[in-house]
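Engineer: Chains as they are written, first to last, in numbering that gives the first Met the number 0: chain Y, 0 to 226; chain W, 0 to 448.
Rather than coming from a laboratory, the hints here were simulated on the basis of the structure. Ideal Cβ placement from N, Cα and C applies to all residues, glycine included. Hints may be right or wrong, so weigh each one.
Unchecked claim - Chain W stretches covered by chain Y per the calculated footprint, using a threshold of three residues with CB under 8 Å from any CB of chain Y: (1) 49 to 58; (2) 372 to 383.
Claimed, not checked - Coverage of chain W stretches by chain Y, computed from C-beta distances (three or more under 8 Å per stretch; other residues unrestricted): (3) 134 to 145; (4) 219 to 231.
Unchecked claim - So the derived label-pair ranges between C-beta atoms look like this: (5) Y:24 / W:235: 42 to 50 Å; (6) W:291 / Y:88: 46 to 54 Å; (7) Y:191 / W:156: 50 to 58 Å.
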Amino acid sequence: MPRWGMVIDLDRCNGCQACEIACRVENNVPVGGPQAARENRTIFWMQVVATTHGDWPDVRTRFLPRPCMHCDRPPCTAVCPVRATVIDAEGIVAQVYPRCIGCRYCANACPYTAKSFNWVRPSYPESTQPMLNPDVSIRPAGVIEKCTFCHHRLQKARDQARAEERPLREEDYVPACADACPTGAITFGDLDNPEHRVAQQVQDPRAFRLLEELGTHPKVYYLAEER
Amino acid sequence: MSDEIKIAHLSQDERVLLRPLVRTTRWFWIWFALLSAVTAWGAFAYYLQLRRGLGVTGLNTPEYWGIYIICFVFFIGISHAGTLISAILRLSKAEWRRAITRSAEFITVLVIAFGAVQPVLDLGRPDRVLYVIVNGQPWSPLLWDVCSIGLYFTASSIYLYVPMIPDLARIRDLQIRPTWLYWFLAIGYHDTPRARQTLQKIIAVLAVAVIPIAVSVHTVIAWIFALTLRPMWHSTIFGPYFVVGAIYSGIAALIIAMAVLRRVYRLEAYFKNIHFNNMGLLLLVMSLLWTYFTFAEYLTAWYGGEEAELATLWSKLTGAYAFSFWLMVVSCFVVPLALMSRQATRGPGGTTIASAFVVLGMWLERFNIVVPTSVHPRIEMASALYHPSWVELSIMAATFSGFILVYMVATKFFPIISLWEIQEGREEAVHEVAERVASYLPDKVEVGT
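Isolated chain Y (complex conformation):
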């Protein structure tokens, strides 16, 4: 059984936000526009968080792409009163939109603020409407949504592999953000499969996870010389 995980090399990330855009297009993440930005209601499945440290002239800004961490011990699934967010056998933390009651308890329980709430009905500019992805359902107002590691791509890749009567290969299943990253900072694969690149990368001395001390066991690893 695979254990899907992601490695993001922060030393390669230049903050271009291509991952954000690729994710938005792939997953039909609504475009909130300036109003949502003003109200702090923009929905992000993948968000490049910029943090600036130090005082001028000793200033360093770091970019940190933040998808859902797909924790092995997710705090969000425990608190959901209706099993609308669950972790599957391969470690992907899913959100069940038709079941979510919109209480936002999972959003509060997530230490990474990886969950977004649909405060309003999702809207898409007319120009992007023909490009909506038919593989991903559009969420109604009033439910939580978040990164799924592009789970629909896994389903498709698996079907394809089965049709061709061959096992699933590493390159068959790659989320949109990893696909789009121009510097190759994002890699994806099975953390338990020693032949996958991610399994090797997490051995890197630069590897760390966000808020590791909380014991959530995230499956998103970061690589950085300096934390």
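Please build the complex by placing chain W on the supplied structure of chain Y, with the hints as guidance.
Structural biologist: Quick look at chain W alone, frame taken from chain Y:
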């Protein structure tokens, strides 16, 4: 025969306490209209929210919870007025309870419904609220909450109803309208010594049973916050801290209700200065307990010095939420302590003023718990200040007015002071207490034996 004539020949207690059931003043209708208007306005605001979704609130990311959850904690806290205080006073045989238990129990039952509805108002998909039962996930503290509040509501309703049966039977026998209502509610009770004895037994059992249930309710509400890993929510003392705060605000709400009832129904003879004095002392004790818990909570966060905790802590002490924090300290500590530690200010006026501050302060306490933590997630991100929208404020106003409205109407159908318990006090308790005190003293030994 009009109902007013029916009670004209009764004893003084019955005449005074049944008068609100048979006579309604103009002022009642004026307040009734005013409160109905506010409640209707809130209902309209909720209709808009249903149509347009939670976008009409001031909530955002990461400020996921706001006014509704604050009011949820606040109103369920107020509900501890009745059942808990009344049960404790009954069990400890505090004789001064007789006049105040009924009004306290009514607060509990009515306010709990208004509190319990708040999380439903807060849902993104209120149409799916029953999923909590159909798809219930037993590890979720929200589910524990549904259970404990459901149990508390049931138990408090029974605990309100059972001690009211003798009064309902008396009203039925007096043929006060609506006769069918009292006939139905009195369930064929006849006030024989045996029936009274059975009733007393049931009340005693209920009084013991409701205490752990009441404690569980606010503990579980605290756990909703404390069981997450959020800074300044993740605290082991949140359970007892919330229970103490709940009892504190409950006592304050009860004092205000007593002061209002005393004035509008001319109940000075029943809600005496001694009642306010004693309630004031309870308020003082709870004020000190609350302050102790608050101090312990903040000291731990500060001394530990964890970065994420400090961000939330300083936003309360000196940052964006300093005003609401220090106003809370003044309202819940300085004012009640100053007023309630002097006998001269423990009269009806002083206790009511202190209580008004406590109610305000306890609302702010819940605000200070919910909002500053929300806007300081562990992963730094852009956050906006939370400004509740008019929809949220209207619904909050409607919750207050709706509660006052149903409480007002309840006093028109049910005696707000327990008739039979007052009579029992006059007939039996004086003698009983004298005997009890005598039993505490050393037995007299005849000299020379």
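Engineer: Could you run down the list of hints and mark each one as holding or not?
Structural biologist: Structure-based check of all given hints:
1. With a threshold of 8 Å between beta carbons, the proposed coverage of the stretch 49 to 58 of chain W by chain Y holds, since 6 of its residues qualify and at least three are required.
2. As drawn, the stretch 372 to 383 of chain W meets chain Y at 9 residues by the rule of a beta-carbon pair under 8 Å; at three or more, the given contact holds.
3. Chain Y is given as covering the stretch 134 to 145 of chain W, and this holds because 9 residues of the stretch bring a CB closer than 8 Å to a CB of that chain, at least three being needed.
4. By the rule of at least three residues with a Cβ nearer than 8 Å to a Cβ of chain Y, the coverage given for the stretch 219 to 231 of chain W holds, with 5 such residues.
5. The beta-carbon spacing between residue 24 of chain Y and residue 235 of chain W, approximately 45 Å, falls within the hinted interval of 42 to 50 Å.
6. Restraint check, residue 291 of chain W to residue 88 of chain Y: a C-beta distance of roughly 49 Å satisfies the suggested window 46 to 54 Å.
7. Checked against the hint of 50 to 58 Å, the pair residue 191 of chain Y and residue 156 of chain W passes, with Cβ atoms roughly 55 Å apart.
Violated hints are absent here; each numbered hint is respected by the structure.
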